[in-house]
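Novice: Given next are the chains, with one letter for each unit.
Protein chains: 2
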Amino acid sequence: MKSPHRVTIIGGGFAGLNCAQSLANDDRFSVTLIDQQNHHLFQPLLYQVATASLSAVDIARSLRAVLGKAQNVSVILDKVTDIACDKNEIITEHGSHSYDSLVIATGARTSYFGKDEWAKHTYGLKNLEDSRQIRHQVLNALERAERCDDIEEQKRLMSVAIIGGGPTGVELAGAFSDLVRRALKTDYRRIDLKDFRIVLIQSGERILKSFSEDHSAYTLERLQELGVEVILGPRVDEVKEGYLHLNDGQEIQAETLIWAAGVGASPITECLECPRDRGGRIEVEPSLAVPGHPNIFAAGDLVSLTDPDGKTVPGLAPAAMQMGKHVAKVLKEDLRLQKTRYADRYLTLRPAYRYKDKGIMAIIGKNAAVAQTGKMKLKGFPAWLAWLFIHLAFLIGFRNKLAVLLSWAFSYLFDKPAARVFSICKEDAKGEPNSGAK
Amino acid sequence: MKSPHRVTIIGGGFAGLNCAQSLANDDRFSVTLIDQQNHHLFQPLLYQVATASLSAVDIARSLRAVLGKAQNVSVILDKVTDIACDKNEIITEHGSHSYDSLVIATGARTSYFGKDEWAKHTYGLKNLEDSRQIRHQVLNALERAERCDDIEEQKRLMSVAIIGGGPTGVELAGAFSDLVRRALKTDYRRIDLKDFRIVLIQSGERILKSFSEDHSAYTLERLQELGVEVILGPRVDEVKEGYLHLNDGQEIQAETLIWAAGVGASPITECLECPRDRGGRIEVEPSLAVPGHPNIFAAGDLVSLTDPDGKTVPGLAPAAMQMGKHVAKVLKEDLRLQKTRYADRYLTLRPAYRYKDKGIMAIIGKNAAVAQTGKMKLKGFPAWLAWLFIHLAFLIGFRNKLAVLLSWAFSYLFDKPAARVFSICKEDAKGEPNSGAK
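Respectively, the protein sequence lines represent chains P and C. Quick note, the first sequence lines up with residues 1 to 438 if you use the numbering used here. Quick note, the second sequence lines up with residues 1 to 438 if you use the numbering used here.
The hints are simulated quantities; they were obtained by calculation from the structure and are not laboratory data. Among the hints, erroneous ones may be present.
As the list makes no split between identical chains, a pair holds if one copy fits it or if it spans any two.
Stated by the list, open to error - Below are the BS3-like pairs computed for lysine-lysine, each with C-alpha atoms no more than 27 Å apart in a straight line: (1) K311 with K339; (2) K311 with K240; (3) K69 with K185; (4) K155 with K69; (5) K401 with K366; (6) K325 with K339.
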């Protein structure tokens, strides 16, 4: 028997995992999935971990647990540092791996558009550690405010500024409002959480600019009702510790600064010679192959593509899932064609990826969301129900679904967030006497 | 109206929380509870967080959430650094607080009996951060073993040694066996989890020495069936990174070393002039007052006491809860007596604390536990059921109970642990390109 075709997938997000799952239990392939983390993360709910509604493990699932039963799939926890495409090899921190075909699906990372020095004063929201840090930061700032006697300092501690009015920024702002106005309202004695300030800054004319104008206006109104200060127009031009300066002269003092203004492709794409857009995304061929590298594919948020129907493929989970599956389809088709009379020109016969638009949606708060798919537009309670239903349906693992459903039901009925807990670690409390661990 | 009696409680564990709850909504008292963490922790289940069965938030509950509705109780997140008992004041990292009565309930910490240098090579298990670290360490060691080509190194990575054969050691050993032999068994491709080595070291003649000999023997047998190597007799006399030396000459190479051999009183007790036992525990008066300090009480694991019935009060959750309530009772009784003709000798009339023995229990694995209360002794399935029931009953918060029940049901039915997830943080992966947070 011919030895199986070795496929290495970098990244266990929506694209990489769907690709691996599509190749699972197909003996013609031997699949290696490499990720820096041991889990697949359901990023659309990450903001709920940051705002203490969900626990981290609710939205993450061990990659080995998901793929453990497919004997032709191996999972490796490692970090890819380089791609030696002349040798069909990837280099990792702990070794190297040969491949016949390579799938790059490392997704996006927080991007500061050239202002990388802003990273150290703001929190991004791309992985579990980010969300843990934001939760810790906000809850700890409230503890400090409760202890504090200086009114100005208290005000600063009780402020969160979110830069970027896309879905992540909107969802974070709404969830912070829920947290401080409803969930924690009886918790403190010296501070009044009604004074908690949530600022959302969007440089354009409206928030949620990928949505309709009507939806943007509705979202703005709902956020303002929730006590979120929305600043439309000016652009952030200076970031310091706990301080923002906007280009219309406004200054904002806030202990917690969250950067939700943009993402760029993961830096591993720079290891390849290929055309890239301004955000570093690979301008792939219609089949998702990387130009000049017929056995290397890209899928997910690091792809820049306008499909044959003229649709620009967005950086959304449904698109990433579709692309992951499409790459698996191309790989299977390649193998099939290589056994036919088209073997010498199978590359030209690769199917093109077409984006199936599942719509877009964003949640604002209790009973409030916006959603649009095709010509259908929903807002308010129906959109909110649709949002809950779709996010539960796509969350991986029955147990995770049940845990999240339970948490949401509790939050809805009793206004009690599950995860109001943070842990003061070694790094936070130096010289902590109550710990004997290394 | 007279201003309320100011009670400051240090520590939100079983003793401190029960004391605060007993004084909650009693207007004669103004209670301040100070803790270094923002949560009450259900320590009896901590080993399940370490072994990836439960999520950290399942067994922790925000102190503010528990006490938020009692308007006479304030919670402060701070660390007490000194007690100025001449001024009735405690000093914290961030300020100071005056009190009329003080309750010290800071519990115990991992103790190395003078070998403090061993702390940096072993993990203790006293707080959420400890359990998070153990989980991370063990799961990450498996990942490293899966990547590793050196057989000797692989063996070392796939070894856990637990020092101390009390309930914590036994429960950890059984849970590690469950994790590697059942839950993760299909997860890896290159390593065989049957080779995973779990060593439990107990210097005495038997494990669980606070239980009957029959129970010790039963537990030993069950652990051996689960593939745990139990070493009875020798004492650890040298600890290095990933290495143990025993005083009979044996050497153990194990990537993960866990210290479950002993606890001592939390160091804050050293701020007081008072009699202490060898473990640093305060030798309190029968009323739980600290000798020489009539307005300072101690409760919980940092107390050394033989009660009027001749029972030595053990360092267990039920005793801590009882002591916390007893201190509240004494405080109320003091106030009452001060208004009567006994006002000048109320101190001599304080009620003595009597330990109500609720029994002891330890879980070994699926369907196996030992329990004894009074003359009743249970082992095997009935003890296991009793263990589950009692731990669920005492866990604080309906939501936590439900979440833990759900996790246990899943583990029992499908052998799937909930929390097989760890996060590679900044500290673990220096130069990590995928993160933009500070």
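Novice: It remains to establish, for every hint, whether it holds in the given structure.
Specialist: Against the structure, the hints:
1. K311 with K339: Close neither inside one copy (33 Å) nor across copies (83 Å); limit 27 Å.
2. K311 with K240: Result: close neither inside a copy nor across copies, 39 Å intra and 61 Å inter.
3. K69 with K185: Answer is between; shortest inter-copy Cα gap is 10 Å, intra-copy 46 Å.
4. K155 with K69: between (53 Å within a copy, 24 Å between copies)
5. K401 with K366: both (19 Å within a copy, 25 Å between copies)
6. K325 with K339: Answer is within: at 22 Å inside a copy they meet the 27 Å cutoff, but 79 Å across does not.
Checked against the numbered hints above, the structure breaks hints 1, 2 and satisfies the rest.
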